[in-house]
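Trainee: Listed below, chain by chain, are the residues.
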Amino acid sequence: MKLLNLFITGLLIFTLAACGGGDKPSSESKAPAKSMVKKEEPKAEAKAEADPMKDIGVGPIKEAITFGELDEALAAKGEELYKAKCTACHKPDKKYIGPAPKDIYQRRNPAWVMNMILNPDGMIKEDPTAKKLLQEFNGTPMSNQSLTEEEARSIVEYFRTL
Amino acid sequence: MKYLFKSISFLTLVALTWAMTSCGGGNQGGAANNNSGSALGKSTAERVFVAPGELDEFYGFISGGFSGQLAVYGLPSGRLFKVIPVFSQDGEKAYGYNEETKAMLQTSHGFIPWDDSHHPDISQTNGELDGRWVFINANNTPRIARVSLETFETEEIIEIPNSAGNHSSAFVTENTEYVVAGTRFGVPIPQRDMSIEDYKGNFKAALSFVKVDQETGHMNIAFQVLMPGFDYDLTHPGRGKSHGWMFFSTYNTEEANSLLEVNASQNDKDFIAAVNWKKAEEYIAAGKGKKMPAKYAHNVYDEATHTATSTMENEVLTLDASELPGLVYFLPTPKSPHGCDVDPTGEYIVGNGKLAASLTVHSFTKMQQAIKDKAFDGDAYGIPILKFEAVNAGTVVQPGLGPLHTEFDGKGNAYTTFFISSEVVKWKLGTWEVLDRKPTYYSVGHLMIPGGNSRKPFGKYLVAMNKITKDRYLPTGPEVCQSAQLYDITGDKMEMLLDFPTVGEPHYAAGCPASLLMKNSRKIFKLEDNKHPYAAKSESEAKVVRKGKNVHIYMTMIRSHFAPDNIEGIKVGDKVFFHVTNLEQDYDVPHGISMLGANTSELLIMPGQTETLVWEPKEVGVWPFYCTDFCSALHQEMQGYVRVSPAGSNVPLKWSLDGEWNQ
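Here the protein sequences line up with chains A and B, keeping their order. Heads up, the first sequence stops at 162 in the numbering used here, and the numbers go up one at a time, no gaps. Heads up, the second sequence stops at 663 in the numbering used here, and the numbers go up one at a time, no gaps.
No lab work stands behind these hints: they were computed from the structure. As the structure is a prediction and not an experimental result, all values here were calculated from the model. Quick reminder that beta carbons are idealized off the backbone N, C-alpha and C, glycines included. Some hints here could point you the wrong way.
Unchecked claim - Derived BS3-like pairs: lysine-lysine, alpha-carbon spacing no greater than 30 Å straight-line:
#1 B:Lys387 - A:Lys77
#2 B:Lys519 - A:Lys95
#3 B:Lys526 - A:Lys102
#4 B:Lys526 - A:Lys94
#5 A:Lys83 - B:Lys411
#6 A:Lys83 - B:Lys654
#7 A:Lys83 - B:Lys531
#8 A:Lys95 - B:Lys654
#9 B:Lys526 - A:Lys125
#10 A:Lys94 - B:Lys543
#11 B:Lys519 - A:Lys91
#12 A:Lys94 - B:Lys537
#13 B:Lys526 - A:Lys54
#14 A:Lys62 - B:Lys549
#15 A:Lys91 - B:Lys523
#16 B:Lys200 - A:Lys77
#17 B:Lys654 - A:Lys94
#18 B:Lys547 - A:Lys125
#19 A:Lys91 - B:Lys526
#20 B:Lys543 - A:Lys95
#21 B:Lys523 - A:Lys83
#22 A:Lys83 - B:Lys241
#23 B:Lys547 - A:Lys77
#24 A:Lys62 - A:Lys95
Stated by the list, open to error - Taking CB as the label site, the calculated pair distances span:
#25 A:Lys54 - B:Ser656: 39 to 45 Å
#26 B:Ser656 - A:Lys102: 57 to 63 Å
#27 A:Lys83 - B:Thr309: 54 to 60 Å
#28 B:Ser649 - A:Lys131: 45 to 51 Å
#29 B:Gly597 - A:Lys102: 51 to 57 Å
#30 A:Lys131 - B:Tyr587: 19 to 25 Å
#31 B:Gly597 - A:Glu72: 31 to 37 Å
#32 B:Thr216 - A:Gly68: 45 to 51 Å
#33 B:Met292 - A:Lys83: 54 to 60 Å
#34 A:Lys131 - B:Gln663: 51 to 57 Å
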């Protein structure tokens, strides 16, 4: 059991190191390691996934989303839904059970976020980024909260305000 | 008892030998390599094999008898999907144990943890199964339950006053206008202190017509027909041409009060009571109903609050059959009839006289004529007895021993179970000839063809329900299972395909095509529709509130943590309510919670639902709770602690998740 733990921990550290750039890794990562990661990492990721900002993932949303002007009413509706349906696992600006949505659009295309909300089971099976996140977050799968596309879109709008 | 078994098995043996020699040897009970008779040339095993990942063609709802519950099976596989708790507490689902469902088991006699569930019946529209609800009776403390076929949960239970042994129940009329409940025991009405020996002529029997709201399904007792104090055994509604009538079998027309085995088996003929409920409605409209005081509980589960409430009713409307002409007629029927079954056309009424050598079938058309002609053979307590010859359509001559119950395939055939000779007999309506017989293993009670007591049977399978299994399964000590046996009835001859054990004692069943229910089956409860007064619909609403010695924990659960999961400031002598809301909104993600030392219950909570358990900590310490339903890879991590301090301690009440304390 201890050996297994050690192995898993090793694997996690490796994964975290290898993924870099994602949510802030736990306190274990020290500055030198970070800088090492930053030097080497982008190449490896580029091979695996192309441009993460263009990746829209797997699910009902088939096209990349480009934001226009912020729709504040929609964002307000999204905030309400987020509080009701998401906060048990996602704090806005702090890693919790799952990653924080703050600054998400510096890392992901909005369509990818939509698909993660609407099709978490499929994403975990088929999308390389979602697969990595699952590992990073201790194998806790994202819950399908049975939201409609409109509801997911409002939450996606809300994330722009964080 | 041993003697009974021995004599039954001897009788069975004799009957089997006779059956086989007279019919040229049936299938000895579904040997897996039997290929004969199958249209597709499939083996018996292939015909009941539902491959992994495949779904069954039919639902079967089989009553649990002394278990008090209703079990859901797939047919033809015989796989058990769910046991729906109805009249008995169920620790697994916390039914009758948690704060929300205790009220479901309230009666005028107080809380009753158990009953004897017998006869499920699926709601109908135009005489066809409509898949809205299934009703079932409690036999002991008379009640009727309504189970939702969206949630497969018991939504309502109504107690039946003036009734004792609610056996002739719970059968629906053609459009589910009423669910009907006849009493097995005659009793003093109203109940009073009197000598048992004064039964004859003084006891009465109530036949209750419970109105069903077509939108909500809510039940209320519209009226009771007060009848002579016979025993009313089973009932079925008229359909088609006989819609508006209800037929009840009777026994003990002798009105014996002791050793009924002998004393209630004296008359050559008992009766089928034909009740004209449309006439009853006319009498009520004309003000002929009499209100009488009667105490009975009416329990309703509210899907929005996830909580049941119990209301005590005080009054019931009655019609006295002896005083109101045209309301009831008696059809003489040999001999202590059990099942009282109406064919899909509504023309034939079958009286399964369990001590009779032959099976009696009455004609509705002849009955109408006999009433018009006043072809009476006297009366019983003022209720006309129709002449046997004037109503009898025909007789199935000596089809077997101990007929109990008949259902229909919609192709002009009837199928009757014979308890004593342990067999199912197929016979033809109109010619009354016996077409086939097959043994059951052993001592069959009722049978069920999906839709077989409606205008539109699905005549593919027949399920026979057996009282005795003896050598059919691996032995499990003195108490062995009851069973069901599945027959293919698509050919000229019946074929036994499968033999499977049941939960409790199956007294009756209802079945329907899977397609009727599958599309409506609920997947989750929406959080936004949750109106439970103690729901915490997000982690930000999680809290702990003290009100004197009562402490209310508003807790949430999601894969895979509780909020809060650390609680301090609880004291010995407190009464702690865990109100737990499952925040998941995905199909098939229940969570459970159990608290060490809780004397009440574990909870099993569906997505979007709130349930409550009560814990009264008796000892100082730090006590754990955990999730009882394997919910994710980190299920084993889904746990928490409650610190219990001595009574009078000043440890402040506070709670946390992940180190963030609130108070």
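Trainee: Compare the structure with each hint and give your call.
Mentor: How the hints compare with the structure:
no., hint, verdict
1, B:Lys387 - A:Lys77, "violated, 75 Å"
2, B:Lys519 - A:Lys95, "violated, 40 Å"
3, B:Lys526 - A:Lys102, "holds, 27 Å"
4, B:Lys526 - A:Lys94, "holds, 28 Å"
5, A:Lys83 - B:Lys411, "violated, 59 Å"
6, A:Lys83 - B:Lys654, "holds, 23 Å"
7, A:Lys83 - B:Lys531, "holds, 18 Å"
8, A:Lys95 - B:Lys654, "holds, 24 Å"
9, B:Lys526 - A:Lys125, "holds, 26 Å"
10, A:Lys94 - B:Lys543, "holds, 22 Å"
11, B:Lys519 - A:Lys91, "violated, 37 Å"
12, A:Lys94 - B:Lys537, "holds, 21 Å"
13, B:Lys526 - A:Lys54, "violated, 34 Å"
14, A:Lys62 - B:Lys549, "violated, 56 Å"
15, A:Lys91 - B:Lys523, "holds, 27 Å"
16, B:Lys200 - A:Lys77, "violated, 73 Å"
17, B:Lys654 - A:Lys94, "holds, 23 Å"
18, B:Lys547 - A:Lys125, "violated, 48 Å"
19, A:Lys91 - B:Lys526, "holds, 22 Å"
20, B:Lys543 - A:Lys95, "holds, 22 Å"
21, B:Lys523 - A:Lys83, "holds, 23 Å"
22, A:Lys83 - B:Lys241, "violated, 59 Å"
23, B:Lys547 - A:Lys77, "violated, 35 Å"
24, A:Lys62 - A:Lys95, "holds, 28 Å"
25, A:Lys54 - B:Ser656: 39 to 45 Å, "holds, 42 Å"
26, B:Ser656 - A:Lys102: 57 to 63 Å, "violated, 24 Å"
27, A:Lys83 - B:Thr309: 54 to 60 Å, "violated, 31 Å"
28, B:Ser649 - A:Lys131: 45 to 51 Å, "holds, 50 Å"
29, B:Gly597 - A:Lys102: 51 to 57 Å, "violated, 42 Å"
30, A:Lys131 - B:Tyr587: 19 to 25 Å, "holds, 22 Å"
31, B:Gly597 - A:Glu72: 31 to 37 Å, "violated, 51 Å"
32, B:Thr216 - A:Gly68: 45 to 51 Å, "holds, 47 Å"
33, B:Met292 - A:Lys83: 54 to 60 Å, "holds, 55 Å"
34, A:Lys131 - B:Gln663: 51 to 57 Å, "violated, 41 Å"
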